[in-house]
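Enquirer: Take 1 as the starting number for the sequence shown in the UniProt record's numbering and just add one per residue.
Think of the hints as simulated: they come from the structure by calculation, not from any bench. Do not take every clue at face value.
Straight-line Cα separation of at most 30 angstroms, DSSO-like style, residue types lysine-lysine; simulated pairs [to be verified]:
id, residue 1, residue 2
1, Lys59, Lys18
2, Lys56, Lys18
3, Lys59, Lys136
4, Lys26, Lys142
5, Lys26, Lys56
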Amino acid sequence: EEFEPTFIEHYTTGLCQKMGLPHFHKDSTECGLSFLRILQAEQLDYTQSFIRLQNKEYKALRDDCLDIRQFDAFLTQYQNIREYQDIDELDANMQQVNPIYILRNHMAQRAIEAAERDDFSEVDRLFKLLNHPYTKQSDLEKPEDLGPLPSDVPDVAVSCSS
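Modelling step: build the complete structure from the supplied sequences, incorporating the hints.
Expert: Rendered as structure tokens:
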């Protein structure tokens, strides 16, 4: 009986933080859910989309969408909600909850394959990179670390037992 309202409260608070929206604003939750619907409908990368939103790369997000009207409506609502807020504080919150780096299957598979050849350099690199997922680490990152599976890399399924 108490789980659902508590869960919803924590979920919507977290979503608002990820989006740089004030949780107390009456339209923030709907705006956040609208963004999630866009990500689902457009099959956009979850992590990269939040990073683009955080970095205010609105054109890049828009260019990835087929339904431009839906995105434009979301962006208008998003910017209207943020207009009279403490943007620096909201943006700082975003940077604390939106990881730049997450472990993706192709990254894990590459590290596993190298380790099977007794080359642990990729395991070490990923360990260092993922130990600070919210901090840009240009010296450690590879282009394929920053987004969905590159088109030239075969799709692999990596299990927890891998």
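Enquirer: Run every hint past the structure and note whether it holds.
Expert: Comparing the hints with the structure gives:
no., hint, verdict
1, Lys59 <-> Lys18, "holds (19 angstroms)"
2, Lys56 <-> Lys18, "holds (13 angstroms)"
3, Lys59 <-> Lys136, "holds (21 angstroms)"
4, Lys26 <-> Lys142, "violated (40 angstroms)"
5, Lys26 <-> Lys56, "holds (22 angstroms)"
Figure legend: structure checked against the earlier numbered hints; the only hint not met is number 4.
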